[in-house]
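There are 2 protein chains.
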Amino acid sequence: MTQRIRLLVEYDGRPFYGWQRQEGQPSVQGALESAAEALDGKPVFVQGAGRTDAGVHATGQVAHLDLTKPRPIRKVADALNYHLRPDPIAVLTAEDVTEDFHARFSATGRAYRYIIQVRRAHLTFDKGLIWRVPVPLDVRKMQEAADHLIGEHDFSTFRDAQCQAKSPVKTLDTLNVSAYGDRIEVTTTARSFLHRQVRSIVGSLVEVGRGMQEPGWVKDILEARDRAACGPVAPADGLYLERVMYDGDA
Amino acid sequence: MTQRIRLLVEYDGRPFYGWQRQEGQPSVQGALESAAEALDGKPVFVQGAGRTDAGVHATGQVAHLDLTKPRPIRKVADALNYHLRPDPIAVLTAEDVTEDFHARFSATGRAYRYIIQVRRAHLTFDKGLIWRVPVPLDVRKMQEAADHLIGEHDFSTFRDAQCQAKSPVKTLDTLNVSAYGDRIEVTTTARSFLHRQVRSIVGSLVEVGRGMQEPGWVKDILEARDRAACGPVAPADGLYLERVMYDGDA
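So the protein sequences, as listed, match chains A and B. Per this note's numbering, the very first residue in the first sequence carries number 1; after that it's consecutive. Per this note's numbering, the very first residue in the second sequence carries number 1; after that it's consecutive.
Be careful, since some hints might not be right.
Copies of the same chain are indistinguishable here, so a pair counts whether it falls within one copy or spans any two.
[As the list claims (entries may be wrong)] Pairs of lysine to any residue residues, derived as SDA-like cross-links and limited to a Cα-Cα distance of at most 25 Å, are as follows:
(1) K42 / Y82
(2) K127 / E185
(3) K170 / S27
(4) K127 / T93
(5) K127 / Y180
(6) K127 / R14
(7) K75 / V118
(8) K170 / F45
(9) K42 / G181
(10) K127 / E33
(11) K127 / R85
(12) K75 / R210
(13) K127 / S27
(14) K127 / T174
(15) K42 / T2
Hints in this document: simulated from the structure, not taken from any laboratory.
Build the full structure now, drawing on both the sequences and the hints.
This is the structure:
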């Protein structure tokens, strides 16, 4: 009888080759699995809700794992964090769940945030944590462009060539562009996303924001259903997996 | 005829041994002077408003320098930043000033911000950029303690042994403790501060916040005028020089 545990995980993606374990490269999954193995004494598989790319961050990744030696749940987060340090990965909460909970397949929604800073000077504190754009952006036009993408569409244009999803059809529930001074944040929610979909969308919205394209262009490239029509893909730096939703959560 | 230039400078203090140039050690002043020398072709002295300690950050340090080869001011920030990269120091603005402007001696006030995060897990994105305190803090009691320090006092208790100021008497104009969720920020303004005064104050306020001392204890240790009475000094991590004030500024 194993103990299934659900984790809420935060990480700074800068030093990692992404979520997924890769032989000989630092990964978030690999670091969590090593920490869990140190705890359990046996190899442990850690299942994440989303496989974030190299350099992409998470403030609210969800994962599950099974321990063969049951432990008091209130000590699990501290114990995993003890083994994770000094890696910039932190288990924020750990809770017991039933065996039918699956971090990936039980998820009913994902929320991402993309942070852009409009500024001429290079970054100091936030290098690798936000996308610096050195020219002004028209946020109103970016939102106008974004509105064309909300709802169910064939997102072939905004899908990486490596994407393994069976269908390019996805439903964006929300896609909001907000300005906080010189900081512009794009937030979006959907049941699930295609590979690089958020970065592809943000890159195209920035083309509109900087005046290279009109908002209607985003509708045109969406309807083209052609990867070649997409604007430049935004860098990993500004992207955060912020939340994963499950039935029954508050 | 030299060209005096006022700079607004931001830096991440983590990799530096403080503002002040030191032989063989990375410093903010040293990096700015190297960049200015690359621009001017001669050694340039850069005068800062405040000498921040090792690991202390700035979002609004002010400095001045004199160039022997006058240049169009609108290109100076970009040119300095070109030479500063990839160091986490950025010149945000550069403006021509008259020769009577002195970054340190003309300053009429300084504003610092100290950022604390209440959280059990180790830090990820913000390691070295905030002070993590793993226990709850009573913000109301911290403000009650802080109120004893506002105004003109002999701050001998809150002054580092190395402090070179002639007098321990300073006037704190403001000292506010604010909570934003689990983040607690202490902001303070004064004409000038003693060496490690802000970190000494914050360290003692946190003793009150975590319940080790009552708010009135801060009044007692202030009146003791004795460095030995001070609580633990808060780490450099959470401290930011946020603003330097001058007559005539907006």
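Practice prompt. Quick one: which hint numbers does this structure break? Sort them smallest to largest.
Written response: Going through the list in order, the structure violates hints 3, 8, 9 and 14 and respects the others.
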